[in-house]
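There are 2 protein chains.
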Amino acid sequence: MFFLKELPTQAMLEKYTSHLSGSEASSIADALMIMRRASLLVRSLEVYFSNNGLSQLRFLILVVIDREPNRESLYSHEIASRLDVSKPVLTRTLKRLIDDGLLSSSPNTVDRRSKQITLTKKGSECLSQVLPGYFDKINDLMREY
Amino acid sequence: MFFLKELPTQAMLEKYTSHLSGSEASSIADALMIMRRASLLVRSLEVYFSNNGLSQLRFLILVVIDREPNRESLYSHEIASRLDVSKPVLTRTLKRLIDDGLLSSSPNTVDRRSKQITLTKKGSECLSQVLPGYFDKINDLMREY
DNA sequence: TAAATATGGTTATCATGGTAATTATATTTA
DNA sequence: TAAATATAATTACCATGATAACCATATTTA
Chain A
1 MFFLKELPTQ
11 AMLEKYTSHL
21 SGSEASSIAD
31 ALMIMRRASL
41 LVRSLEVYFS
51 NNGLSQLRFL
61 ILVVIDREPN
71 RESLYSHEIA
81 SRLDVSKPVL
91 TRTLKRLIDD
101 GLLSSSPNTV
111 DRRSKQITLT
121 KKGSECLSQV
131 LPGYFDKIND
141 LMREY
Chain B
1 MFFLKELPTQ
11 AMLEKYTSHL
21 SGSEASSIAD
31 ALMIMRRASL
41 LVRSLEVYFS
51 NNGLSQLRFL
61 ILVVIDREPN
71 RESLYSHEIA
81 SRLDVSKPVL
91 TRTLKRLIDD
101 GLLSSSPNTV
111 DRRSKQITLT
121 KKGSECLSQV
131 LPGYFDKIND
141 LMREY
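Chains A and B, in that order, are what the protein sequence lines are.
The opening position of the first sequence corresponds to residue 1 in my numbering, with each subsequent residue numbered one higher.
The opening position of the second sequence corresponds to residue 1 in my numbering, with each subsequent residue numbered one higher.
Do not rely on the hints blindly, as some may be mistaken.
Unchecked claim - In silico lysine-lysine, PhoX-like type, Cα no more than 20 Å apart, as pairs:
1) A/K121 <-> A/K95
2) B/K95 <-> A/K87
3) B/K15 <-> A/K121
4) A/K95 <-> A/K115
5) B/K87 <-> A/K5
6) B/K87 <-> B/K122
7) A/K15 <-> B/K121
8) A/K5 <-> A/K15
9) B/K137 <-> A/K15
10) B/K121 <-> B/K137
11) B/K87 <-> A/K137
12) A/K95 <-> A/K122
13) B/K95 <-> B/K122
Claimed, not checked - According to the in silico footprint, chain B covers these stretches of chain A (three or more CB under 8 Å from chain B):
14) 34-41
15) 56-67
16) 76-90
17) 119-125
18) 135-145
If you are wondering where the hints come from, they were derived from the structure by calculation, not from laboratory data.
Keep in mind the model is a prediction, meaning the values are calculated, not measured.
Where is the CB? At the ideal position from N, CA and C, for every residue including glycine.
Please model the complete structure; the sequences and the hints are all you need to start from.
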């Protein structure tokens with residue numbers, strides 16, 4: 001998260017960046033704007049997800065399983081390879097999604113270390129129910145800023 | 001944070017967004033890109049801060065005090081008004097910055113509810129020491145993606 | 001001016017992110 | 001094939017975000 005409400009004006013930035021080249025200074029202004037904008041987006045989306053029993057990560061886990069062509073399920077480590085999240089957080093989040101009935105887990109008979117994770121009917125319905133509002137929300141937010 | 005490593009291709013997005021107009025679909029693609037890009041930026045910067053005894057929030061608190069024209073200190077609620085962070089998190093983070101000697105706190109004799117927060121010499125030096133690397137890091141990251 | 005309301009800050013509790021170390025199973029290599 | 005290494009997942013622990021409920025003090029209003 002990037003918490004600064006008012007981004008520094010160009011004049012203010014110069015206090016800190018006067019030694020930098022113009023292109024460096026403007027690339028920094030861009031970066032600050034991107035981080036601020038994304039923080040507002042992410043925060044609003046988290047509220048939307050939370051109102052629907054999800055979170056960014058919970059949602060994205062459902063998405064990566066759902067969007068996989070020709071596959072009904074993924075192994076945990078395949079989910080991990082598609083998402084940029086630490087393993088312990090993935091373990092915990094999968095467990096909660098299973099507890100909530102959105103995913104189910106079955107042993108892999110070939111490699112007994114790994115688990116097969118499948119979207120349940122409930123998980124699939126949850127995703128379908130949340131997606132339209134997700135896109136609407138993003139469109140609203142993008143129009144807003 | 002937005003954890004999706006590979007953003008959906010246009011083709012893949014259509015599975016979900018076929019009912020949306022072209023401009024809506026592209027605004028969604030933009031939003032996903034902004035969130036992904038910012039997540040990578042924020043994550044790298046957190047590592048940089050953490051290696052220097054700071055965090056995004058700790059850094060930004062030092063910055064908003066330092067950058068204030070004609071003021072040596074701010075009240076907690078003024079810091080809060082400049083940053084988009086909950087009050088309890090601000091309380092806790094200020095307390096730790098004071099414990100670490102980067103800030104000092106003195107009572108406000110006019111309004112006894114509030115506290116005056118000042119950058120110490122150590123805090124000011126810490127900021128000066130961290131800023132150049134912060135800008136370098138941002139420039140590197142912006143060049144990279 | 002006494003009561004009601006607003007404001008500044010804290011405490012308690014929870015959710016969710018991370019790293020380091022561990023267990024169990026597969027795979028590679030000496 | 002036994003030992004060493006790699007991989008999949010988990011456990012234990014910590015940092016840092018949020019909300020709700022709470023004091024203490026100021027301010028407004030009946």
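We went through each hint and held it up to the structure:
1. Of the pairs offered as hints, the one joining A/K121 and A/K95 holds, with about 17 Å between alpha carbons and a cut-off of 20 Å not exceeded.
2. A distance of roughly 32 Å separates the Cα atoms of B/K95 and A/K87; the hinted pair therefore is violated under the 20 Å criterion.
3. Between B/K15 and A/K121, the direct Cα distance comes to roughly 18 Å. Compliance with the 20 Å bound is thereby established for this hinted pair.
4. The hinted pair formed by A/K95 and A/K115 meets the criterion: a straight-line CA distance of about 12 Å does not exceed 20 Å.
5. Distance hint between B/K87 and A/K5 is fulfilled; the C-alpha atoms sit about 15 Å from each other, no more than 20 Å.
6. Restraint check for B/K87 and B/K122: the C-alpha separation of about 25 Å exceeds 20 Å, so the hint is violated.
7. Between A/K15 and B/K121 the alpha-carbon distance is near 18 Å, which keeps this suggested pair within the 20 Å criterion.
8. For the hint linking A/K5 to A/K15, the alpha-carbon distance of about 19 Å falls within 20 Å, and the restraint holds.
9. Restraint check for B/K137 and A/K15: satisfied, since their Cα atoms lie roughly 18 Å apart, inside the 20 Å limit.
10. At roughly 25 Å between alpha-carbon atoms, B/K121 and B/K137 are farther apart than 20 Å, so this suggested pair is violated.
11. Taken as a hint, the B/K87 and A/K137 pair is broken in the structure, with Cα atoms around 26 Å apart against an allowance of 20 Å.
12. Pair hint A/K95 plus A/K122 holds up; C-alpha atoms about 15 Å apart against a cutoff of 20 Å.
13. Distance check on the hinted pair: B/K95 and B/K122 sit about 15 Å apart at the alpha-carbon level, within 20 Å; holds.
14. Evaluation of the coverage hint for the region 34-41 of chain A: fulfilled, as 6 residues show C-beta separations to chain B shorter than 8 Å, against a requirement of three.
15. Counting residues of the region 56-67 of chain A whose CB lies closer than 8 Å to any CB of chain B gives 6, which reaches the minimum of 3, so the coverage claim holds.
16. Coverage of the region 76-90 of chain A by chain B holds in this model, with 5 residues showing a Cβ closer than 8 Å to a Cβ of that chain against a need of three.
17. Counting residues of the region 119-125 of chain A whose CB lies closer than 8 Å to any CB of chain B gives 0, which falls below the minimum of 3, so the coverage claim is violated.
18. Note: the region 135-145 of chain A has 6 residues with beta-carbon separation from chain B under 8 Å; the three-residue rule is met and the coverage holds.
Of the numbered hints given earlier, the model fails hints 2, 6, 10, 11 and 17; all others are met.
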